[in-house]
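Chemist: Below, each chain spelled out in residue letters.
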Amino acid sequence: MKMTTLLKASTAALLVTAGGAALAQDAMTGPNGEALAEEQVFVYRVLDEHSSVDPGIVEDVSGSEIVRDLFEGLYNDSKTGETLEPGVALSHTVSDDGLVYTFTLREDAMWSDGTPVTAGDFVFAWRRAASPELASPYAWYMELMALENVAEVIAGDMPLDALGVTAVDDRTLEVRLTEPLPYFPQMLTHATTFPVPQAVVEEHGDAWTRPGNIVSNGAYILEEHIPQERSVRVKNDMYWDAENTIVERVTALVINDENQALTRFLAGELDRTEVPAGQFPRLSEEYPEQTISFPRLCNYYYTFNLREDGPEAFKDVRVRQALALAVDRQVITENVLAGGQPEAYTFTPAATANFEVPEVEMASMTQEERNARAQELMAEAGYGPDNPLQFEMVYNTSDAHRSIAVAMSQMWAQTLGVEATLANQEWQTFLDARNSGDFELARGAWCGDYNEASTFLDLLDTGSGYNDAKYSNPEVDDLLQQAKTAEDPNPLYTRIEEIIAEDMPVIPIYFYAGNYMMDDQLIPSWPVENVQQNWYSKDLYFVAEGE
Amino acid sequence: MYVYILRRLAVAIPTILLLVIFSFALMYSAPGGPFNSERPLPAQVMANIEAKYGLDRPVMVQMADYVWGVVTRFDFGPSFQYTDRTVNDVIAQGFPVTLTYGFWSAVVAVIVGVSLGIAAALRHNSWLDYLAVGVTIGAQALPNFVMAPILVLLFTLWLGWLPGGGWAGGIVVNACDPRDSLCWSAFGGAIRLDYVIMPVIALSTSYMASIARITRSSMLEVMNSNFIRTARAKGLPMRRVIWRHALKPTLLPVISYLGPAFVGMITGSVVVDIAFSTGGIGQFFVNSAFNRDYSVIMGITILVGMLTIGFNLLVDILYAWIDPKIRY
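These protein sequence lines map, in sequence, to chains Y and S. Those letters in the first sequence? Residues 1 to 547, per UniProt numbering, in order. Those letters in the second sequence? Residues 1 to 328, per UniProt numbering, in order.
One chain only, chain Y, in its complex shape (with noise of 0.2 Å):
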């Protein structure tokens, strides 16, 4: 009798732990064999509410960062960001001129309401991206992927099928472009190219991304959105990959201060919060496990106003070489700043995928000799203790913005007697100020649309829209149009640098590091090599505790 119990609970106390090792291999490991914290729940911080999901529309950060998550576009980027795996799309062909994409669709992708996904939703919605009765924001995206008659579109001259993109059939999309464009596919991963069911947006209208009426093709739907205090997307069982999606549930919560954020983050509410400025070094120290910090895909300058009626001593070279050398870098980005920035002595930043950093100059200099130098171009150029050079700084209202810019007015009065006075300006009056020429020197940031130099580089073209300095160099110009169809136009960007670098238009200060307070079983499986972060929930996963 007794043996008897003694065999039954070994035998099930046996099969408990084989059912338990099955069940474990099965739903409880990630992509790379770890074990899996039992609940998958994703809570992170936003700084403010996002402007719309609508793949068509949406322009800021957090709105893509949802959008990502409830549509897929043709590609998805890989978890370094710099190649691109399958999304509704497994694979395209080009045509010898490089201006005809044909893109075959995956057979299994699905809406949220089980219709399949079809070439048609993806000439719908790049249709309707272009479309004046929209009217995007982000119809200039569009403009920018070169489709064939697309700035007819935009304009109304033309009907909205006159756009270069047909689906010859449900699996083939066919996109006719004006230019080849060797980084064509990489812009696919953006929102704007992602389809939209129109079923659904005829129905509702407006109102169609609203939770209950919203219909996706993504990991997740949009399960619950209130303006300025949350939104929420859960699993997408839907979706062609569901079964590898571990994450279940994301919410986004809007908290516009950064210190509540932090705080509500120590209390456990969230899972991810951006470090406060100034505050990396002491929390890296006091949670070394939940402090991380990367490189983005952002660079940070100042950029002289170079307009005819600009002011005369910007026009000197010798003035703007003085002022860039004679900012120490590292004071700023160890002292001020204190969360692994890089340096920065060009444009673009060195994390930019295939670009090779150019040998500059001010790069290898120490900082005395860059203090000499700058003090000798000053003087060449006629500034003195008798006739200091006096010019305004003006950057967006920000504690950040202000410590940067207070510490460059000291380096300038101490090496060269400069008389720079700051202005802050609110965030829109800002920006009217530096688009109408109205500054002298001004704030100026840019985060790459896309992982290549020209994202960054493009904005020094005579003809861009951003170049507010208006600085214009014809060898820049025609090396910029060589590199949109150079095989390797990486060659082309390093050569632009080095003109930068003489030219000086602008002063680059530093690249922009992601500083974040991350839940430590999160960390492992956050892209921190994507410098773009665009990031997918479906490719995140907890891990349990002490793995």
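Calculated directly from the structure, the hints in this document are not laboratory data. Backbone N, C-alpha and C define an ideal beta-carbon position, used for all residues, glycine too. One should not assume that every hint holds.
[Unchecked claim] Across the chosen pairs, the derived CB separations fall in these ranges:
id, chain 1, residue 1, chain 2, residue 2, range
1, Y, D161, S, T15, 31 to 41 Å
2, S, P143, Y, E368, 39 to 49 Å
3, S, K52, Y, Q482, 32 to 42 Å
4, Y, E487, S, V59, 49 to 59 Å
[To be verified] Straight-line alpha carbon distances no greater than 20 Å define the calculated EDC-like cross-link-like pairs of lysine to aspartate or glutamate that follow:
id, chain 1, residue 1, chain 2, residue 2
5, S, K52, Y, E152
6, Y, K484, Y, D461
7, Y, K470, S, E38
8, S, K52, Y, D461
9, Y, K79, Y, E392
10, S, K52, Y, E202
[Stated by the list, open to error] Every beta carbon over 12 Å from chain S, so not counted as near; a handful from chain Y, in silico:
id, residue
11, S91
12, D96
13, D169
14, E243
15, E368
Model the placement of chain S on the given structure of chain Y, informed by the hints.
Modeler: Frame of chain Y; chain S shown alone:
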């Protein structure tokens, strides 16, 4: 009385109209616009957007059209920033949140403030009086943008009793389980009380302090007046003197203070909305100003304007009811 109310309402209409005109003019004279961004949009794209929202028409036409929409359909137009929402949606979303914690703040501020003020006045120059004066001065001096982070630190991080912010899904039907002891349902919606506590403390404290100080000085004055002396000379018990005779005149200045204060509370404090991420109307108001979301700015301005006028009228009516000497 009725003639008076009608007259006041008639004056309210041009007041609101002036408010609309001034706000519109100020808004349009501010640099920038709702669709400005770092990379200026190509001219054609901008033209399409302006045509869609009617921003390509003369400002006077836009304003007239806007006012017409508000007057005839109570339609505040589409939000420029939240493309899938109208301003009416934004207000319907944010106002109930603010109304909830604003209402509770008013209740707390009045009950605590009046009690504290009366107690201090009745024990004039005692330790209780000094304590009450000290507390109210302290509470008034402590701004809510300082208090809010301290509350979160204390109740969320250290004690772990209350959520650090948010609104638990906002005011929606069945936002919480009615069987949950922290769930409070009313007006077809439900909220979790633990989300309301800190916003109410942060918002009500300075109002409470003002009310206590007004009540105290008013009570002191009333207690020294002749009719109270008469009442006490008659030999009435103190409790009766206070409740029957002193309370009403004491509350007159409190009520005149409460009119605008109540509007201030229910239209929300920007600080409280931002500190606790409630999703209330104050947050929309400030962000819409920064983003030049013209229609949202106008909608909320008109809402606050109407509430201010409405509550001031209500206060004047209450005045007449409390003080028989006042006749309109």
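Chemist: Would you mind marking each hint as holding or not holding in the structure?
Modeler: Right, here's what the structure says about each hint:
1. D161/Y to T15/S: 31 to 41 Å: 53 Å Cβ-Cβ, so the 31 to 41 Å window is violated.
2. P143/S to E368/Y: 39 to 49 Å: Since the Cβ atoms of P143/S and E368/Y sit about 47 Å apart, the hinted range of 39 to 49 Å holds.
3. K52/S to Q482/Y: 32 to 42 Å: Given about 38 Å between the Cβ atoms, the range holds.
4. E487/Y to V59/S: 49 to 59 Å: holds, 53 Å
5. K52/S to E152/Y: holds, 18 Å
6. K484/Y to D461/Y: Roughly 13 Å separates the two Cα atoms, so the pair holds.
7. K470/Y to E38/S: holds, 15 Å
8. K52/S to D461/Y: violated, 31 Å
9. K79/Y to E392/Y: Violated, at about 43 Å.
10. K52/S to E202/Y: Given pair K52/S, E202/Y holds - Cα atoms ~18 Å apart, limit 20 Å.
11. S91: Holds, since 32 Å exceeds 12 Å.
12. D96: It holds; D96/Y is separated from chain S by about 31 Å at its closest Cβ, greater than 12 Å.
13. D169: With a cut-off of 12 Å, D169/Y remains clear of chain S, as the shortest Cβ separation is near 32 Å.
14. E243: Holds, since 29 Å exceeds 12 Å.
15. E368: holds, 36 Å
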